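S.K.: Make a model of the complete structure from these sequences and hints.
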Amino acid sequence: MEPLSWPMIFAKMAVQFWPVWLALIVTVALSLQFRRRLGLYGKLFDSNVGMTGFVIVMFWVFTALFADMIITFDPIAQLSGLKNVVPGTPVPDSDQWYLLGGDHLARDVFSRVVMGARRVLTIAPAATVIAFMVGITLGLPAGYFGGKLDTGLSFIANLVLAFPVILLFYLLVTPEIRSTGVPIALAAVLFLFPVIFVSVLLNSRYFTTPARRNLYVGVALVLGLWAYSGLAFNADPTGIWSMDPNLLNVFVSVVFVNAPTVFRIVRGIVMDLKSRDYVAAGQTRGEGAWYIMLWEILPNARGPLIVDFCLRIGYTTILLGTLGFFGLGVSPESPDWGSTIDDGRRLLSIYPHPAVVPALALMSLVLGLNLLADGLREESMRD
Amino acid sequence: MLPFLLRRVGVMILTALTLSFVVFCLTNLAPNLEKLARTEGSVRMSDEAVDSWIINNGHGGLMITRYGQWLGVVPGWTRTDDKGVTRGRCITEGVTAEEAPRFCGILQGDWGTSTVFREPVAKTISDKLASTGWLMLWVMLVMVPVSLIIGVMSGMREGSRTDRVLSTFAIATTATPEYVSGVILVVIFASATTGISPLLAEWGWIDGRTLFLGTATSAIDQITFWNFALPVMTIALYGIGYIARMTRASMTEVMTQQYIRTARLKGVAFHQVILKHALRNALIAPFTVIMLQFPWLLNGVVIVETLFNYKGFGWTLVQAAGNNDIQLLLACSVVAVFVVLVTQLISDIGYVFLNPRIRLS
Amino acid sequence: MTDWDPSKPILEIENLSISFFTRAREIPAVMDFSCTVMPGESMGLVGESGCGKSTVALAVMRDLGTNGRITSGSIKFKGRDLTHMTEEELRHIRGSEIAMIYQEPMASLNPAMRVGDQLAEVPMIHQGMTRDAALKLARQIIADVRLPDPDRILRAYPHQLSGGQQQRIVIAMALMAKPALLILDEPTTALDVTVEAGIVDLVKDLGTKYGTSMLFISHNLGLILDVCDRLCVMYSGEAVETGNVVEVFDKMRHPYTQALFRSIPLPGADKNSSPLIAIPGNFPLPHERPKGCNFGPRCDYFRDGLCNAGEVPMDAVPGHDRHATRCLRWREIDWDAPPKVGKVTEKLPRGRLVLKMEDLRKYYEVSAGAFGGGAEKVVKANESLSFEAHENETLAIVGESGCGKSTFAKVLMGLETATSGSIMLFDENVQDTPIQARNTDTVSKLQMVFQNPFDTLNPSMSVGRQIIRALEIFQKGSSDAERSDMMLNLLDMVKLPRAFAERMPRQLSGGQKQRVGIARAFAGGAKVVVADEPVSALDVSVQAAVTDLLMDIQRENHTTLLFISHDLSIVRYLSDRVMVMYLGHVVELGTTDQVFAPPYHPYTEALLSAVPIADTRVKKRRIVLEGDIPSAMNPPPGCPFQTRCRWKTRVPGNLCDTVLPPVQVLAGGHQIKCHLSTEELAAMEPVISMAAE
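Residue numbers (the working numbering), protein chains in the order written: chain A, 1 to 383; chain B, 1 to 361; chain C, 1 to 693.
Since the hints were derived computationally from the structure, they do not count as laboratory data.
All the given hints hold, so there is nothing to weed out.
Quick list of simulated restraints, FRET-style, between CB atoms: (1) C/A143 / B/L141: 45 to 55 Å; (2) A/N48 / C/I27: 15 to 25 Å; (3) A/T180 / B/I346: 34 to 44 Å; (4) B/L141 / A/E2: 47 to 57 Å; (5) A/F233 / B/L137: 45 to 55 Å; (6) B/S46 / A/L360: 50 to 60 Å; (7) A/S331 / B/L137: 31 to 41 Å; (8) B/L199 / A/E2: 25 to 35 Å.
Since the model is a prediction, treat every value here as computed from it, not as a measurement.
The beta-carbon is built from N, C-alpha and C at its ideal position, and this holds for glycine as well.
M.R.: As structure tokens, then:
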């Protein structure tokens, strides 16, 4: 077979992405159809910036979802003779090409980048969600009660924030530290917050009708603690919840780095919102502090929090890339974008493609998230 | 003002102590020490030998006392072995146990010895910091003016074409971490096979094979535009986007303030409104942001120094961490944390100073 | 400007239409607006929020922002059309020929620039003056606006001045270039009443002194009467009536103007015998304006087929001084017919004692320096408060900012605990019981209605849900269905459609939100309700309706109402007893009649004089207090009011400076905290008198 020219490479790739295009068209068409009924999400489609961002982000989300259908080769298979080959090189004994060339171990760059999307798009949002739970659960009381609690928590948050991230990673994500159990201890603390958050959320709302409260909080606790035991201690008897220790270490560190910033944001918003009359109305009818924080204040802080959530997923993606770039906490096989860039950079000036492709992928995803956040911010400030 | 300053410095010292202790713990974890023993002693040491090596070299005992020794507030350890030779933390070659000082921690200026570079840590750190200082200096010189100008230009007329173009640029750069922009810049400007260099070489516009150099190793000896531009740009790009966006946000907010309308409606010309009324108020927020950028700049430094092989502070940190050089890693961490804390302090004081509303109340 | 003839109008607005353009549609903000201001004349623009009065002002300044555009008409200033001027030409007019004064003085001054520089800038731009000369002029103008110590003020930053001083600086800035036209956009709304009075006096005097024409924008009819020669009433983007102030006030020829006057509490109105008449319905949103007369749907004189047929033009009223009205039926309406009085009600008898406060004190400790550290300072927010409140009674608590009324409410509600003293609620001592420790019954009996309608409801929870939550927490109803029913009944009670249960607060108008707030407060069958300025943020026409609703519910539930307000007109209208507070002290306490008639506490006297009254028959003695209200952080020694009291000289010795006055109990249990002798007090003259018809 002939090597492919650049237009042909793009054409082939476009065909390969067909499930993504289909899903994107359906999503955008449906959203445009019903946008007037979809609140802030619907309004996103009024802003070019927001819509561009949304489409880019959804492109990668769908890529991650349908990765198995898109890839042309096994991302860790090494085919002889295809080391560092240029994009569009035909693969012997098959009717396929290495669309974006081969890397230094003769693996298919295209398939690795597609699979890398799946990895990035599972870890980054999940870690961000946990970081938000931690930040919110601690930021609410710090902002609401103020005083010594606030001083203490803020001091701790500032401690973490005073660490240059890279240094923290070098200290926290090492094979040595894994054997000391520090990551598990951290996970035990950090993963507890979502369980606490949901239980308190439900309890404060339903404590007036004990029967319903017991049901909701009970279900939340059972599900939460089940997942908790599996994720933090790898002790889930059914084995549904579990996490590779390597991954756990990375995951916990990323949460640990992000949580203090969320804490500071939440604390700031709460300090602003707590002087509102509806908060005073809650207090004067004798509501508990947690009800006021979680049901009166938090929903009204959602605007800035959603915006920050998008930005933070992007930031977390960058952090994960940084970890990969320094080879921290990832297995060499992993198609992780960061580590692929690291692998590729050694021969960068001779064979640029193995590093440039994941670099562009990472950049476009973060760009999409930033644009999305910008669009959301703009639209939520209107009216 | 003075009580504020004292309190702020107090908090800073407390933070520094806590953080250095945490770092001390994390670098002196049992597995790290074990690894150290095997590299310093011999790889084939038995577990018992490792344990005794650790104890004999003063790495045993309570973490807090070891920290105290390192800091220089607890007397350094001494140990007399079976042969009657007294060794100790403060006993160096050519000094007898009696002459040796009791305390020798960082407060006394003793940072220990690097196992990778085989020289005093203090020397390594100061050399490398100097190299990184040049990098930082150039980054600041590029980043601060460019980002402020972009931010102010796009913020002064929100929604204009200039604003859209500049904002898109700013968003794009914040989406490009150093390890991505570095790669792209090298491919475009410093690759012999791709980008613009082959073209330029073909046309005979450049002498060498590439326009810029792909490494900055030679910049340690002499900084030139061709070996330093790419590393500086790589770090600066990300910061430019971030600071420009902050400046823009601050500027647009100021531009909607009533006092800007007051100024406009008293007949002040637009450029004077910007220069006399808006700028000072709009630059308070970015100032703090620039100062708080330092932790991230440090990140960029580490990535860029690794990517461009520039042997500065960041490169040293990677070496120290990769080779389990405990003393050096510890020193790097403390310096990094110290830099961050000092910039935070400057940012706080600067904020108060720039803002007459706080300064004079 | 040499070709301008001083006998011609200084400002002539003709058929001005302004629209704002959003992504979705064009929103007309002002339609077919015309008005003329002659040299030296002051023109009032009055109307409710959203009627377009500020838009007119900004259009004159040609500062409508990026979305606003003048779609037709002309604005002629000294004969030159402003609508066709270039930015450069406008720049020479702004600040030198036309100057503007805004609502928020703090926001309109640059926080990072010294006051002197901000003032000097004006003549430096327009007259090319040197900095020294400009500063000298600034110093002189600062003295003109009656600020003490001009040199210190020149060097000060805006935040170092009080609100009243800041507004004087803004006025000084406007006067720096001796403009021909001054536009004042609600210049006193953000200020306390006694401070407002000083500013109003100043504006009037300076207008005369410099011969400046004024365009005075306000929602307050009383202020317009004080300041203006002519006025223009606006409704929903249109001028509906314009003319000489006295003629429009006394012989109005537009139904909206009439309805407006009937809905504001003027002296003589009484909640039982002659209640206010609220304007029915709501202010139309700009894109939902009706065809024909905008006021049609709310008008008593509306006639189908006539009023909603087509555009209504302005029609001159013959025989009057440039008086015109936008009404088709004004010739047919009998303008002298007495209003259809609503339901007249009996005054309820005073019931049992429900709330008794004795010698309540609330002190706060705050650190003095902005950076912490320094000596701890004690702020005495409430000082020896004693009073009783009975069932069916409305007790008004009156005072300006910093008087401690909000702290008092917090202590009563249990959000803070008292430093000393006792609070008896029903038969329970609650002074030391924070709200978490009070039982549900006590909490539900004592509820609060808040001031700001935009803040009182949680923006992200539906109206019904918020009321149901109150029912849940008060343990009312045994099932969701029952509570839902109770919620709908509460909506009925506050006269809101049941469909509102599903709405989100942002879909409601200010008055409707306030009604939901009232429904929520009464969810647990409240017996004592603290209403913290419940209507002060509402438009006048809505105020009457909400006030009436509160009165109705009070009558039905035999509620005790503690009505906190700074507005003496409404207090006089609805309260049975009045408590006047100043800097944490109760300075006067008595029945409404006692407090509103001499003898007064000197502060009450000044307060009464300061409140603008929109009635041409009322004659007031003008008492303008010097200076601002002292900070509660740093109260004066002796009598709290001594720094501003005009009677201080009548008290022998330096008693006022050193000794806190005792409470004098006069006839009928009327209490006054003052050193003045009984004779002096008895000799006081009334502040307000009605001129004979």
